[in-house]
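Given chain A, work out where chains B, C and D should sit, using these hints.
Chains as they are written, first to last, in the numbering used here: chain A, 1 to 432; chain B, 433 to 603; chain C, 604 to 772; chain D, 773 to 1150.
Keep in mind that the hints were calculated from the coordinates and are not lab data. Heads up, some of the hints might be wrong.
Unchecked claim - In silico lysine-lysine, BS3-like type, Cα no more than 27 angstroms apart, as pairs: (1) A/178 / D/1123; (2) D/820 / D/855; (3) A/115 / A/104; (4) B/575 / D/820; (5) D/855 / B/575; (6) D/952 / A/410.
What the hints assert, rightly or not - In silico contact screen, one side only, chain D against chain B (beta carbon under 10 angstroms); selected entries: (7) 981; (8) 1005; (9) 1103; (10) 1107; (11) 1110.
Claimed, not checked - Using C-beta positions, here's what the derived DEER-type ranges look like: (12) C/745 / A/42: 44 to 52 angstroms; (13) D/787 / A/84: 14 to 22 angstroms; (14) D/1047 / A/339: 44 to 52 angstroms; (15) D/959 / B/455: 57 to 65 angstroms.
Quantities reported herein were computed from a predicted structural model and do not represent experimental measurements. Beta carbons are placed, not taken as given, at the ideal position from N, Cα and C, and that holds for glycine.
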Amino acid sequence: MPFDPSTGSGLRAGPILAEWYDLRDLGNAVGAFLDWIRDQGAPDWVPYVVSGLIGVVAILLWVILSQLAFIWIERRVIGRMQARIGPNRVGPQGLLQPIADTIKLFLKEAITSRKVDRALFWAGPVLIFMPALAVLAVIPFGSGMFLTDLNVGVLFVIAVASVNTVAVFVAGWASNNKFALLGAMRTVAMLISYELIQVLALLGVVLFAGSMRMGAVVDWQSDFNTWVLFLQPLAFIAFIIASAVEIGRSPMDISEAESEIVASYHTEYSGIKFGFFYAAEYIAAFAVCAIIVTLYLGGWTAWGLEEWVPGWLLFLGKLYLTFFLFVWTRGTLPRLRIDQLMAFAWKFLLPLVLLNVLVTGAEVLIWREGDLSAGLALPIFGAVNAGLAVALILGWATFMGHMRPEHRAKRAVLTRSWARYITLHRPRQTSP
Amino acid sequence: MTADLSGLDLGQRIQQKFPDAVVDARPEWTEVRADRLVEVCTFLRDDPELNFQYLSSLTGVDRLDHFEVVYHLLSIGRNQASTLKARCHDHENPEVPSVVSVWRGAHLQERETFDLMGIRFRGHPDLRRVFLWEGFPGHPLRKDWLNFPGGQMAGLERFPGEPGGKLEGRG
Amino acid sequence: MEDTGSIVGFWLLAALTVGSALGVVAVRNLIRAVVLLITSFLGVAGLYITLSADFVAVVQVLIYAGAISVLILFAIMLTPLASRDNAETFLQVPGLLLAGLVAFTIGFVSLETDWSVAERGGFEETASAIGEALLSKYVLPFELASVLLLVAMLGAILLVRPEGSSTEE
Amino acid sequence: MKTEPFVVSFGPQHPSTHGVFRMRLTLDGEQITDLDMVIGYLHRSMEKLAEERSFTQNIPFTDRTDYISAMTGNLAYVLAAEKLCGIEPPERAQWLRVIMSELQRFASHSMAVGFLANDCGAWQTPIMHMLRDREKVLDLFEMACGARLTTNYMRIGGLSRDIPPEFMPAARKLIAELPKRMDEYEDLLLENEIIVIRSRGIGVLPAELAIASSVSGPMLRGSGVAWDIRKADPYAAYDKIDFDICVGTNGDVYDRFLVRLAEMRQSIRILEQALDMIPAGPVHAQIATATVQPEGVPSAPLALRPPAGEAYGRIESPRGELGFYVVSDGGPAPYRFHIRSPSYINLTPLKEMVVGMTVADAVMILGSVDIVLGEVDR
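Bound-form chain A, shown alone (with noise of 0.2 angstroms):
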């Protein structure tokens, strides 16, 4: 039976070899082979368990690979931005070097000092780690390659994610360092505000989709031929930039900021202790990166592409581009202080948002009792979105004063002779 993409369905019955394409879905192998287990007479229990224990130790060593990858693509791109080649002697081109690392991290000591509450101090590191993999758990990788289509998928992912926060707090409460505790607190109160933002800015997805099954949402997406990101520009920068306090990329670091409280809640953490830290931290990113693919990008179809390149493929390609975009801000922006940072928060991207989903919703009613055909309304709809959205952010920062002189750039003066600025009064008498 050939295979038949729009219901994700995989193979039936015959031969894994029978179409070239079948080969290269990993989605359509699994599911012969689960297949031709049930034909063995096994018990219905066994394929269940088998194709879970499958999924969850391919999405583990998929993150796990991508996780070096991503570690080396960072170096290497960071090192492009900054005029210099970046790691380049392990294996050809460097590509071992975050396996060397991984080594280097496991044979070192982990060092816990004498004064951390030790039971929650190895607590921090497994705890940070359960939400950003548990997340992979609802993401549609391919046609039929998830673990679980939960219903209720978006708001999985928020609530798995806001368990981080309890694991950052433990971590940097636990090892007794004052620039852990700040950077704890700094965490907390970030990812709080951030959480809001993201929360809304799914709604306006979900108000499309109709549902929150993350399956769901890309089969809109491959039915209506576009991407969420047409429909949701601003909804799709206020999820980035949440995402990025999320897994604390710059300019968001603030929850790591290196130039100010050292290293953060991991800053007593080390080998593979702080490992894990590292991993979790683009683990995490390697998760949103799939949440925004599958919700903005289409997930893991590409306008009819996936007829002939294996969605997993689509999705993985555009996975690591979006990956580019966090690397790239990395590369390039310094950081925010944190009261600028939730001020921006609350003063300039939840009010955009809640627009958004007032927007959103009105479109959607219209759509509906409307009557109107798709072709007519999400050209529209795009275009009223894409231009609401620019008009928002650039009205918007003039009202909160981007644009006063104080938040422009100047230029020094300059002066030919000495002493000219001079105030000659007396000076201030301050106490030392």
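For chains B, C and D alone, coordinates are given in the frame of chain A:
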């Protein structure tokens, strides 16, 4: 070009205002009495013709029998510089009044001089050691620091290779 | 509750929930207590899932494990160091008696009531049903709750405002 | 609400204290309520060491005080010593001194600006670009004197040696490409929204406080005081060169930042002129006549015995007024050797600037003071 205000000139001006304050005046510097220091410095800072509102440098010199505190003054508005000195005769417990109340910039410099030279600045708001730790023995920039036997002091007597006896200090 | 998986899951989750709840009371260190409380919340979320209430389960994680616990952590951080342990209190005996009484009442009621057992529902979308109910039938309580929260928030801001600052900076 | 004060020790091992500087910050939340500086982790007691070495032997110490700009350290000391001995170095040496100190100023300011952006959280990118230019300047130093960092190039009465013939073309080539780079940096840093909001109004140092606190260099000029020793008290050949003093208006971190960037441009301008105007001739004065030599001692420049007296030489180093106060008793070594180090004295108003700001600002403010710990601790 920054004009070097002659010490004689400066001494005269101070003399007019405080007749008993000037101890000695040379072309390079003016020496004032330590107990009148704060008044003199306030005058130097506030007098519109002198206008020394910038304390360039403050340091001490161990002259074996006494200590000298040297103030390099600068007037940014008039672009002139001068040197003021104060002397503390007690070599064991040197003490001069602090000029932090006149020039805020003396704060760290007086702390440094106290730390390395052992000169106490009366009225300094926060006179602690700055480079060395509390409990460091002595003040290293004093010539008699460590008290070498035979009254030997830090310093070079002659160049290495120059004819003479075994190289010892300046003592 | 007929298949083994659900039953095993239920007992595991129940043990997790009750065990960590007991830990919250027993542990001396307040931060550890909060971490155990979060575990307990997560257990409750798991119990919701066994009841096919996926939306409520996720919201439980989002709000209780993610937000409320962080609020508690903040409250602990803001209290002086001295009071960060579970101190001895003279209310131990009355508290024990009261807890026993409540436990007895709940146990008695739950054992003696003739519960009506619902049909085992599938794994349907509950979010839209909840949304319908909140915005049609229960719209008044819903709005009242939001007004109450707003008032509480204003009160909190008033309380923490620094002394003597009558106007916004 | 009342919260507990929270004392954080910034440094001595901290990524952005620029060495082994330590700030004990008392925090209320993120806000700083008190600051205590702890200095001295790099104290080598240079002033005492210098009393045991001859005047010429002391020149290498001046490399190692401000190791980011060794040339200006050399220059300040030899100026003081020349004042003491009454030596006038030849014309070519004066011009080479200008060239070297302006190259050094460019290199030093590019480090300062780059690291300030780093403190602001730009993940290494600006500093890497800045270091690229600095490396080229250091290559020129290597050509001239064989060393990149601790140059030990100036001598009392001139320079240790003349520049090699390949120096001039290389310097011209570098100077030709720098203005384009400066445009790039000004776009990248001055126009950067985040840097603007992070540094405007932060760590404001009013002009009166700046003067009273004996602050000097870009910090003083950032506060709006147009005071530059190169203009006010020209040394070497600065009086023959046309350049501007760069002044800020608010005295905040941003102003110090842009004063440094503007001074980098002025340095290029000075270098362009100096490379054209430099005359030929000797680079070292005949100084044997100027010194008091005992009987039978060869009158080599190394064996220098200045007459008894004292001299204070000051120059505008990249960090501010670098002064050397040298007292001689007629012996071969200085009787007293005091370094008026701008890094150290610029820290005087740090507390006033930092209190009331947040932790993130404190890092920026310290970065904008631009200290070199070798010079702070000496």
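Going through the hints against the structure:
1. A/178 / D/1123: With Cα atoms ~21 angstroms apart, residue 178 of chain A and residue 1123 of chain D stay inside 27 angstroms; holds.
2. D/820 / D/855: With Cα atoms ~21 angstroms apart, residue 820 of chain D and residue 855 of chain D stay inside 27 angstroms; holds.
3. A/115 / A/104: 26 angstroms, holds
4. B/575 / D/820: Given pair residue 575 of chain B, residue 820 of chain D holds - Cα atoms ~9 angstroms apart, limit 27 angstroms.
5. D/855 / B/575: Within the cut-off at roughly 25 angstroms; holds.
6. D/952 / A/410: 19 angstroms, holds
7. 981: At 7 angstroms from the nearest chain B Cβ, residue 981 of chain D passes the 10 angstroms test, so the hint holds.
8. 1005: Since the shortest Cβ distance to chain B is 4 angstroms, the answer is holds.
9. 1103: Holds - the Cβ of residue 1103 of chain D comes within 10 angstroms of chain B, reaching about 6 angstroms at its closest.
10. 1107: 7 angstroms, holds
11. 1110: 4 angstroms, holds
12. C/745 / A/42: 44 to 52 angstroms: 49 angstroms, holds
13. D/787 / A/84: 14 to 22 angstroms: For residue 84 of chain A against residue 787 of chain D, whose Cβ atoms are near 19 angstroms apart, the range 14 to 22 angstroms holds.
14. D/1047 / A/339: 44 to 52 angstroms: 48 angstroms, holds
15. D/959 / B/455: 57 to 65 angstroms: For residue 455 of chain B against residue 959 of chain D, whose Cβ atoms are near 59 angstroms apart, the range 57 to 65 angstroms holds.
Going through the hint list in order, the structure satisfies each hint without exception.
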